[in-house]
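Listed below, chain by chain, are the residues.
There are 6 protein chains.
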Amino acid sequence: MSTILVIAPHPDDETLGCGGTLLRHKDNGDDIHWLIVTEMTVEHGFTQERINNREKEINEVANLYGFDSVSKLGFPTARLDTVPVEKLVQQIGETIHRIRPDIVYLPYPGDIHSDHKFVFESGLSCTKWFRYSSIKRILVYETLSETEFGINPSNIKFTPNVYVDITRYLDQKIEIMKVFKSEMGEYPFPRSDQAIKALSAYRGATSGFPFAESFMLIKEVM
Amino acid sequence: MSTILVIAPHPDDETLGCGGTLLRHKDNGDDIHWLIVTEMTVEHGFTQERINNREKEINEVANLYGFDSVSKLGFPTARLDTVPVEKLVQQIGETIHRIRPDIVYLPYPGDIHSDHKFVFESGLSCTKWFRYSSIKRILVYETLSETEFGINPSNIKFTPNVYVDITRYLDQKIEIMKVFKSEMGEYPFPRSDQAIKALSAYRGATSGFPFAESFMLIKEVM
Amino acid sequence: MSTILVIAPHPDDETLGCGGTLLRHKDNGDDIHWLIVTEMTVEHGFTQERINNREKEINEVANLYGFDSVSKLGFPTARLDTVPVEKLVQQIGETIHRIRPDIVYLPYPGDIHSDHKFVFESGLSCTKWFRYSSIKRILVYETLSETEFGINPSNIKFTPNVYVDITRYLDQKIEIMKVFKSEMGEYPFPRSDQAIKALSAYRGATSGFPFAESFMLIKEVM
Amino acid sequence: MSTILVIAPHPDDETLGCGGTLLRHKDNGDDIHWLIVTEMTVEHGFTQERINNREKEINEVANLYGFDSVSKLGFPTARLDTVPVEKLVQQIGETIHRIRPDIVYLPYPGDIHSDHKFVFESGLSCTKWFRYSSIKRILVYETLSETEFGINPSNIKFTPNVYVDITRYLDQKIEIMKVFKSEMGEYPFPRSDQAIKALSAYRGATSGFPFAESFMLIKEVM
Amino acid sequence: MSTILVIAPHPDDETLGCGGTLLRHKDNGDDIHWLIVTEMTVEHGFTQERINNREKEINEVANLYGFDSVSKLGFPTARLDTVPVEKLVQQIGETIHRIRPDIVYLPYPGDIHSDHKFVFESGLSCTKWFRYSSIKRILVYETLSETEFGINPSNIKFTPNVYVDITRYLDQKIEIMKVFKSEMGEYPFPRSDQAIKALSAYRGATSGFPFAESFMLIKEVM
Amino acid sequence: MSTILVIAPHPDDETLGCGGTLLRHKDNGDDIHWLIVTEMTVEHGFTQERINNREKEINEVANLYGFDSVSKLGFPTARLDTVPVEKLVQQIGETIHRIRPDIVYLPYPGDIHSDHKFVFESGLSCTKWFRYSSIKRILVYETLSETEFGINPSNIKFTPNVYVDITRYLDQKIEIMKVFKSEMGEYPFPRSDQAIKALSAYRGATSGFPFAESFMLIKEVM
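Chains as they are written, first to last, in the working numbering: chain A, 100 to 321; chain B, 100 to 321; chain C, 100 to 321; chain D, 100 to 321; chain E, 100 to 321; chain F, 100 to 321.
Just so you know, the hints here were simulated from the structure itself, not pulled from any lab data.
Check the hints yourself; a few may be wrong.
No copy labels: a pair is met if it fits in one copy or bridges any two.
Straight-line C-alpha distance at most 27 Å; calculated DSS-like pairs for lysine-lysine [unchecked claim]:
{"#": "1", "residue 1": "186", "residue 2": "227"}
{"#": "2", "residue 1": "277", "residue 2": "227"}
{"#": "3", "residue 1": "125", "residue 2": "171"}
{"#": "4", "residue 1": "186", "residue 2": "171"}
{"#": "5", "residue 1": "171", "residue 2": "280"}
{"#": "6", "residue 1": "155", "residue 2": "277"}
{"#": "7", "residue 1": "235", "residue 2": "256"}
{"#": "8", "residue 1": "277", "residue 2": "171"}
{"#": "9", "residue 1": "280", "residue 2": "186"}
{"#": "10", "residue 1": "235", "residue 2": "296"}
{"#": "11", "residue 1": "155", "residue 2": "125"}
{"#": "12", "residue 1": "256", "residue 2": "280"}
{"#": "13", "residue 1": "280", "residue 2": "227"}
{"#": "14", "residue 1": "227", "residue 2": "296"}
{"#": "15", "residue 1": "256", "residue 2": "227"}
{"#": "16", "residue 1": "186", "residue 2": "296"}
{"#": "17", "residue 1": "296", "residue 2": "256"}
Build the full structure now, drawing on both the sequences and the hints.
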């Protein structure tokens with residue numbers, strides 16, 4: 100039995116990136132924990148209604164996964180570049196010290212949304228073995244609609260080396276994504292049924308499964 | 100009206116990599132030409148029957164595309180590492196001088212099949228502007244079942260920057276692939292209906308089309 | 100006829116990077132638009148005289164190109180790291196929605212001037228097809244005196260794949276650069292006649308033209 | 100219990116690269132198998148005495164590890180560039196079909212010895228899931244005296260992401276290396292006691308163990 | 100006789116990264132200068148006692164090296180992301196104009212500590228030949244406990260190409276590190292005797308010396 | 100006084116890549132040595148006249164530089180892929196043992212001509228410190244007409260970090276190139292007066308000299 104922590108810049112990243120894998124972890128008896136780094140706030144232009152809706156969605160999604168805990172850092176959405184890195188590191192670090200995960204899932208730093216980069220970098224800072232000794236495995240997930248648009252030519256691109264069979268969990272992953280109604284759209288919009296299936300099938304055909312999620316292994320110690 | 104040359108290490112690479120794009124070129128009134136670099140031979144262990152079948156398949160496929168010419172260099176399949184590079188360069192070069200293409204499609208050098216690397220490298224040698232002045236645009240295609248398995252860690256991976264809408268041509272592309280019966284398999288085998296569709300849909304969702312083929316632009320002069 | 104948008108962190112980047120190409124677009128009947136992201140301000144230490152001069156230069160340059168519009172976002176020069184990314188994205192996004200360009204030219208994110216990185220990243224965020232549907236082609240230009248000094252060893256370097264013949268426009272490009280008097284210097288200073296010619300000739304010899312500008316294609320959809 | 104296959108271009112690569120890890124696998128009850136790709140031959144200038152010695156060394160080393168099988172392909176040492184890739188692929192493929200490993204260890208393709216590149220590439224060709232279904236995990240090891248000298252500037256360098264604690268096995272690893280007497284030298288020669296310890300300690304300090312071996316994960320399916 | 104400037108984000112980086120090399124420079128009669136970019140402050144949570152201690156350590160270390168000057172910019176530790184880049188550039192630039200170094204040592208931008216990235220980028224901005232004409236050689240050092248943890252997958256990793264024999268200076272380097280008592284720990288902690296020795300021995304075995312420091316050459320003009 | 104060895108796949112590569120630098124070395128009193136790896140032969144389709152001419156050119160060029168020795172390995176031009184690597188390594192190694200250079204200049208492995216790759220790789224194999232102890236510095240030169248056409252997308256591109264002022268030697272370099280009459284052409288052909296000057300000026304403007312040659316430092320020990 101392992102303890103799993105997925106760090107999501109925004110709610111839905113955890114689902115797009117590793118929804119199937121989280122469900123499989125849960126099925127295997129692992130503890131799964133959700134750390135949401137940002138939140139919508141009125142002062143950054145979100146209506147109270149949208150904020151309330153988002154809270155409900157988070158609760159519903161948490162139940163659907165059976166998360167063992169949900170932590171929210173409450174930093175402003177789309178504004179992580181204005182938050183001192185040290186504060187991000189400190190708060191992610193506290194969560195890691197509290198949860199003591201074996202496996203951590205992080206977003207890809209090359210994603211087009213700059214929040215993803217800051218979450219990755221701060222998260223990675225909280226994985227040094229001599230400060231955060233519980234961690235055995237760090238993986239980066241791909242977030243459909245962010246990762247494939249992260250085409251900065253001075254970066255190396257996302258190149259998966261870990262594939263997880265999520266055939267049994269794909270439908271449930273898509274059901275969970277649909278809870279985040281406002282994030283989904285009509286195909287060929289990337290956050291859609293069909294696009295999620297297509298990516299899973301492509302990753303699956305590369306790894307021998309009908310549907311798979313893929314990751315980059317950042318570090319593993321054994 | 101443009102003149103298009105696709106260079107295929109083996110018959111079917113042109114279809115997997117840019118079948119839809121070739122059909123669209125033809126539809127647009129472009130001339131399309133097919134250069135097949137290798138062939139099966141009895142001395143390398145292929146039966147005469149298989150060789151004859153392959154010839155029939157090539158003819159049928161050529162008709163389905165409406166290729167304006169088919170050239171065959173006849174080098175031994177899966178053995179391009181044993182052919183002097185100079186011979187490959189010379190023969191590809193002669194074809195290019197004859198056809199005088201504006202646009203050339205090459206396989207990706209990082210593909211797992213070493214024939215693809217040798218075809219790319221020899222093909223690229225035949226694109227220097229002062230020897231092959233017709234060429235305006237060189238693109239690399241991705242070959243499902245080869246490109247995504249080319250995971251040499253010392254290489255940079257395939258990262259597409261050109262997307263072609265093939266929505267109208269996807270069915271026809273798959274029909275053509277089925278002519279190469281022995282190459283197709285059951286999903287999640289990568290050379291299957293469903294895998295081809297999945298990749299096309301994933302590339303499509305990245306570029307705003309239901310189905311797309313993707314390429315790396317190597318060089319364009321204008 | 101196409102609609103072209105060049106995004107310049109500072110006035111003169113558009114000319115160093117793609118002056119010849121812009122003149123050629125105009126000559127071809129394309130609409131060309133100039134988005135200048137920063138401006139000099141008194142509170143950041145520029146004299147009012149210098150600021151006034153700069154305005155005159157911008158007007159003169161706009162006339163010389165025949166820009167169909169000039170937009171200025173007015174962010175502080177050399178200070179884009181202090182501007183929330185979200186604000187940059189929003190304002191660039193509004194400009195793109197207004198102009199609806201087919202082709203966008205962006206600075207290289209690995210340039211040594213950090214303003215270039217922030218303009219690239221914000222600009223790229225405004226190219227997702229489902230929010231900015233007009234864009235068909237995104238290119239990155241090289242800014243002499245910035246790009247070749249951007250030698251961060253953890254980055255991949257500028258590697259051009261698109262070359263544009265600017266032989267007919269080189270003299271005019273250099274004339275326009277001379278409008279920005281204070282930016283030019285004595286050779287071997289990089290922003291000088293001779294250095295601009297040298298780079299153009301080097302790119303030209305690589306592509307078969309006496310003088311060329313070179314670009315990295317980031318994304319093209321067709 | 101897992102089945103492990105280490106593919107060594109030359110005897111001693113398996114020990115330098117993953118000697119400690121192999122001993123730990125054996126200790127855990129895993130089956131371990133050794134595939135040696137090349138051999139010294141009289142026609143390539145080795146004396147019969149040296150060849151006989153090497154055979155004895157191989158036997159002794161096989162006993163010290165407790166290898167469950169040793170396979171030798173007998174290709175000429177330092178001459179893999181003259182062997183058709185297809186032959187290498189075929190023979191490595193047969194071994195993999197016979198052994199059916201879960202985990203495969205390969206040399207790094209960027210190593211300065213070209214034999215390592217050919218073994219990696221041929222080995223990788225034998226890992227496609229639809230032909231070699233047993234394989235769940237593929238890792239690349241670093242070979243002291245080869246990997247750190249593989250400084251081709253057009254390649255990405257070895258960057259480990261998997262660390263294995265070999266503290267309990269380091270002495271035994273060094274004892275085994277000493278069986279290959281002619282390969283060892285005086286420090287600072289890289290194939291020496293002290294250099295092996297230094298690298299293990301450096302990798303250890305990065306991963307939280309006194310001594311570790313490090314690897315690049317190429318692919319894992321689960 | 101040369102003038103050397105080492106730029107350290109925090110005191111101890113200069114020693115971890117190039118302590119032996121600095122001692123050797125001094126021994127050769129070169130002038131050596133130390134620029135410390137950050138400092139601990141009460142308002143960022145450091146006790147006055149710790150701050151006083153750090154000052155004493157800096158003085159002691161400066162004496163042990165025989166630094167010809169020590170400059171402190173006093174920016175807040177672990178907070179360089181909140182300092183406008185322009186201010187960093189300006190102050191580093193002034194130091195460079197005052198010292199007029201031939202050789203500059205900078206931290207690696209891919210180090211996990213974000214302060215290192217900002218110091219590198221600002222430092223690099225102060226090396227353009229037409230503004231800082233004294234500089235002939237720019238090198239990046241590796242900081243044990245930061246560089247090997249900088250595993251952002253979208254970056255190219257530290258790959259040394261310059262090796263300096265520090266065999267005669269290793270003991271002294273370690274003695275100096277011990278002045279920074281609070282930074283050192285028990286092996287396998289990376290900032291420990293044994294880890295420093297291991298890395299030096301590994302770099303030494305790669306370059307033919309018992310102990311070496313390694314660097315990436317960023318730029319040299321001659 | 101240093102001993103310099105330039106390794107040229109074909110005569111003229113040494114001049115295009117480091118002609119100015121070699122002249123400067125000679126001027127400084129260094130010994131300079133020329134190793135030519137290939138030769139034209141009748142059996143590979145060169146006329147005896149052309150071969151004789153080439154010999155005369157080599158002699159004339161050797162005199163113009165004042166080379167202290169010229170070594171020829173006599174491998175077939177454009178056919179190095181058919182030569183066993185071991186033979187290349189052995190013969191280059193013998194030359195290095197005989198000359199005992201401090202500094203070695205090699206062609207870039209990503210050059211489009213495959214001979215360059217094989218010479219680089221074989222040359223690099225002859226630089227391990229424990230076999231070739233004289234070497235202190237290894238540099239890669241850029242060969243106009245080969246390096247800028249080496250655009251394999253799976254490779255990292257040539258990115259210079261060493262610049263040598265050749266202002267005093269540029270004219271002489273171009274005079275020497277003209278000895279190889281058949282290799283030169285009309286601008287914008289890359290092997291022309293004007294293109295050589297343009298590249299030198301571009302590299303110069305990057306490094307503060309009117310004209311410069313640029314290199315990648317592969318390894319330096321000191």
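Review point. Taking each numbered hint in turn, which are not upheld by the structure, reported in ascending numerical order?
Key: 12, 16
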